[in-house]
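Given next are the chains, with one letter for each unit.
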Amino acid sequence: MQALDLVVTAFAICTPLIYAVIGETIAQRAGVINLGIEGQMLMGAFAGYAAAFAFGNPWLGFLVGGVAGFGMSALFATMALWAGVNQITSGLAIFLLGSGLSAFYGRPFVGSNAPTFPDLGLVKEFNATNIVAILLLAAIVYIFYRTPLGIIVKAVGASADSTFLAGFSPKKIRYAAVLTGGFLSGLGGAALSLGYANSWTEGMTHGMGWIAVALVVVAAWEPLYVLPAVLIYGIASMVALIMQTRGIPISPYLLQTIPYIVALAVMAFFASSKQNAVPRELKKVFAELDF
Amino acid sequence: MQRTVRDALIAVAVVFGVGSLAMLLAHVSPINGFGALLDGALGNPSEVAETLLQTTALLFPALGVALAFRAGLFNIGAEGQIVLGGMTAGILGVALPLPGLLLIPIVLLAGAAAGGLWGGLAGFLKARFGANEVIATLMLNTIALLLATYLIGGPFKQPGAGAAETPPLPAAAWLPVIIPNTRLSISFILALALAATLWYVFRRTVFGYELRAAGDAPEAARRAGIDLGRTAFTALALSGAIAGLGGATIVMGVLHRFNTGLSPGYGFIAIAVALVGNLEPLFIIFAAFGFGILQSGAIAMQAEANVPRDVVTLVEGLVIIALAGRRFIVERRTA
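Keeping their order, the protein sequence lines are chains A and B.
Under my numbering, the first residue of the first sequence carries the number 1, and numbering increases by one thereafter.
Under my numbering, the first residue of the second sequence carries the number 292, and numbering increases by one thereafter.
Among the hints, a few may not be true.
[Said to hold, decoys possible] Each pair of labels, with its calculated beta carbon distance range:
hint : chain 1 : residue 1 : chain 2 : residue 2 : range
1    : A       : Ser112    : B       : Leu573    : 46 to 52 Å
2    : A       : Ala220    : B       : Tyr500    : 37 to 43 Å
3    : A       : Leu165    : B       : Ala515    : 31 to 37 Å
4    : B       : Pro446    : A       : Thr201    : 30 to 36 Å
5    : A       : Arg246    : B       : Ala455    : 53 to 59 Å
6    : A       : Thr201    : B       : Ala487    : 39 to 45 Å
7    : B       : Gly453    : A       : Pro148    : 55 to 61 Å
8    : A       : Ala220    : B       : Gly453    : 37 to 43 Å
9    : A       : Pro249    : B       : Ala455    : 43 to 49 Å
10   : B       : Leu573    : A       : Ala220    : 24 to 30 Å
11   : B       : Arg495    : A       : Thr78     : 37 to 43 Å
12   : B       : Ser311    : A       : Arg246    : 33 to 39 Å
13   : A       : His206    : B       : Asn335    : 33 to 39 Å
[What the hints assert, rightly or not] Calculated lysine to any residue pairs in the SDA-like style (CA-CA distance at most 20 Å, straight line):
hint : chain 1 : residue 1 : chain 2 : residue 2
14   : A       : Lys284    : A       : Ser159
15   : A       : Lys172    : A       : Ile152
16   : A       : Lys283    : B       : Ala508
17   : A       : Lys284    : B       : Arg513
18   : A       : Lys284    : B       : Pro555
19   : B       : Lys448    : A       : Gly247
20   : A       : Lys283    : B       : Arg419
21   : A       : Lys154    : A       : Leu165
22   : A       : Lys284    : B       : Phe420
23   : A       : Lys284    : A       : Ala268
24   : A       : Lys284    : B       : Pro509
If you're looking for bench data, these hints aren't it; they were derived computationally from the structure.
All of these numbers come straight from a predicted model, not from anything done at the bench.
Virtual Cβ for every residue (Gly too), placed ideally from N, Cα, C.
Extracted from the complex, chain B is given alone in its bound form (with noise of 0.2 Å):
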């Protein structure tokens, strides 16, 4: 707990004080930028909506990488999970001829069934040759991505769809509006659940203390009769499922249609997310939400204050870096 507060402090000081240096030597004042940015991501009710929605989008792969790191794993496959957890939801939710009560709730389990896919080739990669994770995840992610691009505009093309897009999805598959004329859905409601339901599972399961077992003590948790590969094979599946949720609720909630440029970069952001949230659930929402303000002030910030937002992207890199040192430096007092 103290660990995780003074890790949120770590992260708003580093966005705080490199931001402005940065802004500094763009020659615009911290002040009018960041004034810009919280002015932008949350200085009305719909911009606090559209600060929701990026949280909700990157809520979802950090609470499923969260779950793969729990289990020693590291999957930087989220983008391509989300890739393909969308272009499930954009194909099926055009295709399928049900009433949004069934069509909803199939369409979302479809794009989580993708994503898992996805994570769980990854996990049957390691499980039955051992082949390493982290790389596996990299090479799919790549793959997902042109897999889209091709699937979408050859056998799964449909009438009305664009470039590198599916065709608008009927109302029936949009998730349900919960703040009146914004794009916030239900999406938001369905991550925080989400999330108390992780907390709940790594707490209180079996199956969250076989992961945490796996990740921390391989050897004993082998000795145990814990079946390492299986769960290997269990998180990484389950972390891509959720990536890929993400990505069916961006698509149902969000665009009304797939396209392949969905996702910018919130698989690899999630990884900051899930490190500053130190993996529990209940924390990472609130390091979603950090930097879903992040995310969604940046364009006003570059609009209204002549900051590229880029600096946010630069910003994002030195959180990692800042929190990954601290334990350094933590270890070395305590050593």
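The shape of chain A in the complex, shown without the other chains (with noise of 0.2 Å):
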């Protein structure tokens, strides 16, 4: 395989996860850590197929996903930022509740058939969630390095009581940024039943929100480094079936684990650093587990 086929397919298996990881980086820069990501992304896939079924239009079906993850990031943010509970524990609410919610509700929907989007022809496998992807990637980049907005999403995350002096309310950040990270990953959720998979299976994500939390964790918080990041993994997965399918004698179990031991590594290093690359304000989330 070309090594450019290798990064188009490697984008193209990914994509669901562009949305989520870079839906999470925003949250967490703003200093709070939402684990729900697998259940908003499971909502966001079985939401955008039902209303893609129901409406007949893939596009309606992908926005429709997008607003069923903004929906469970609500809930994680009534919890974790209006009524002060642990986020982690919201997280962990949130990912149970849309487990069983799309589960309980998507049953009709498995084997049935709505419209998806279809292959565009430009490179293979490419249809419109992975320009989408693209598109809203760059933009939030913009926005995040070279808007106030992103200064102050930064702010917030490095220190809320500065940024409230400054003249801003980091809540409102918080909340904002909450859940345009969940919009995004209802919609890598939809990606991935409407331009991915083309159906839906109960807990078709199998464990994506949670790479997606190591992702996040290996870019260092940083946007820029989400499609790196992104890109590193899904590469060292299709290097892996690669492999596999010419008897070459490496585990693809063992190569999955890679991106997990980066993260765990990345960690070590920023926690023991100086320069400090976890935001601040996530840190206190750690420090305080009065749940």
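With the hints as a guide, bring both chains together as one complex.
In structure tokens:
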């Protein structure tokens, strides 16, 4: 397989992850960790597919998928930001709730035929969800590094108190960051069911939401590194597959552990080094576990 | 005590309230739905035994999670610790040529050691580098599953093994059954004994006090001479060992072989169980029993009342939300 082919295919496979990782990066940079991504993605995948089926239009389905993720993250925000419940607990509740809800209401749609995004015929397996992912990612990277809004989000994650003194509302910005993240992870789920798999099955994300958390860390909480981190992950899994088909005795399972081990190493490195990438407000969340 | 009773009532109310609503939306009468669930979980002695089996599977990781919580640490890696504990038991139970009297304790301990190693790894990263244990244990979950899949299909592949599983354990490695004609083994008693031990440790020992001090007032604990790094390491290692022991008992008492799907999320549900039990080992027993009923009745409910069993996962998520939310309501009122 050509190197370019490899990158393009890896990108196509990992598109749902791009939405989820950039969404979670935004939330975490604002100082909120939302571990409910897996549940949000499942809701996005299910609701998106169901809506595409009902309306007969994949674009409407895609949008509804985003709204489903948004709704789940609104519940998370209500718990974690409004009620002040521990963020980790809130996230796990959203994970269980999203898995249960999507499987419960998704049963009738297993094996059904909703209109999905057709291949565009540009490069292989490319459809609209891949293009939207690139555009959204570019827009978010631009906003993050080049506009006042991006600076404020980063500032809230670095020090909510200073941001408050500067005249902004850290809470409002955190709501916005979490909800944006939820919408994006919902889109990611819908990109999986409507763009990649062209079907809905319960639990179809198979842990993508957890991989997303790992990749946020691998990307060192920088939106700019999201694409490289996701691509390296995708290429590693592709290489594992290729090696397997050619009989090269490297375990695909061992190869798949690499992103997680890298994430652990990045965590350990940043936690102990002076130049710290972990958003400071996030450390506070970890420090006060009075759930 | 009062608080725990109130929490239990909230949990029960959420289960029946939301569960009924979900059933009504699925056009099933809640009476039929819950009837099927309770009947499937407690209808006859062998079903009660299956429910106690689920209780046991949840009780081990919940006790581990609670121990870490006491030290202010969030172990969301019980799932991976269960997998590695179970895998170690599955491999050694077949490989060690020992009589049952020796084999069983050795294999159980090995399973605990494997889980402890995994929890301890997160503890080490925390103590040595200050790496947060939430993300570390989360990463280690997936690594554990991938590693187990690799090991049992590669270096430790044994003759007679299927895909993603080890060959069946010899009868010498099976945990003795305590109710004839059921699968309920001494693992249930072991779990209860562990809960009692932890109750004692939390309440009456210096170590229990140190855990609590490190969790509730780390700065004061540090000044009082408690080594926070070492406490974090010990707490996470022990927490992992307890979950790993649970994984070993599933392999040796229920499945009689290891397969990578041995835990349908016990490690995550255990967090809800520990919270519902207010981190008190004796209350956690009852919380585990409650969730055990849900787990074991879910399949009967699906088969007999045509309610998708996923409603149980949904309800479990909402129980966490309700219990986490009530703190807020109570605090508002008293503030």
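Cross-check of the supplied hints:
For Ser112/A and Leu573/B, the Cβ-Cβ distance of about 48 Å falls inside the hinted range of 46 to 52 Å, so the restraint holds. With their beta carbons about 39 Å apart, Ala220/A and Tyr500/B fall inside the hinted range of 37 to 43 Å. Checked against the given bound of 31 to 37 Å, the beta carbons of Leu165/A and Ala515/B, roughly 35 Å apart, stay inside it. At roughly 33 Å, the beta-carbon separation of Pro446/B and Thr201/A lies within the given 30 to 36 Å, and the hint holds.
Between Arg246/A and Ala455/B the beta carbons are some 23 Å apart, a value that contradicts the proposed interval 53 to 59 Å. Separation of Thr201/A from Ala487/B is about 43 Å and conforms to the stated range, judged on CB atoms against 39 to 45 Å. For Gly453/B and Pro148/A, the Cβ-Cβ distance of about 59 Å falls inside the hinted range of 55 to 61 Å, so the restraint holds. Remark: the range hint 37 to 43 Å for Ala220/A to Gly453/B is upheld by a beta-carbon distance near 41 Å.
Evaluation of the 43 to 49 Å hint for Pro249/A and Ala455/B yields a failure: the beta carbon distance comes to about 18 Å. Between Leu573/B and Ala220/A the CB atoms are about 44 Å apart, so this pair departs from the stated range of 24 to 30 Å. For the pair Arg495/B and Thr78/A, the beta carbons lie near 40 Å from each other, so the given range of 37 to 43 Å is met. With their beta carbons about 55 Å apart, Ser311/B and Arg246/A fall outside the hinted range of 33 to 39 Å.
In this structure, His206/A and Asn335/B meet the distance hint of 33 to 39 Å, their C-beta atoms being roughly 36 Å apart. For the hint pairing Lys284/A with Ser159/A, the CA-to-CA distance comes to about 10 Å; that is within 20 Å, so the pair holds. Restraint check for Lys172/A and Ile152/A: the C-alpha separation of about 11 Å stays at or below 20 Å, so the hint holds. Restraint check for Lys283/A and Ala508/B: satisfied, since their Cα atoms lie roughly 17 Å apart, inside the 20 Å limit.
Using a Cα cut-off of 20 Å, the hinted pair Lys284/A and Arg513/B holds, with the two alpha carbons roughly 18 Å apart. For the suggested pair Lys284/A and Pro555/B, the alpha carbons sit about 32 Å apart, so the restraint of at most 20 Å is broken. Proximity of Lys448/B to Gly247/A is assessed by CA-CA distance (about 18 Å); at most 20 Å being required, the pair is judged to hold. Between Lys283/A and Arg419/B the CA atoms are separated by roughly 16 Å; this keeps the pair inside 20 Å, and the hint holds.
Distance restraint check for Lys154/A and Leu165/A: the Cα-Cα separation of roughly 15 Å lies within the 20 Å cut-off, and the hinted pair is therefore satisfied. For the proposed pair Lys284/A and Phe420/B, the alpha carbon gap of about 17 Å is at most 20 Å, so the pair holds. Straight-line distance between C-alpha atoms of Lys284/A and Ala268/A comes to about 17 Å, which keeps the hinted pair within the 20 Å bound. In summary, the hint linking Lys284/A to Pro509/B is supported, as the alpha carbons are separated by about 14 Å, within the 20 Å threshold.
In the structure shown, a violation is registered for the earlier hints numbered 5, 9, 10, 12 and 18, in ascending order.
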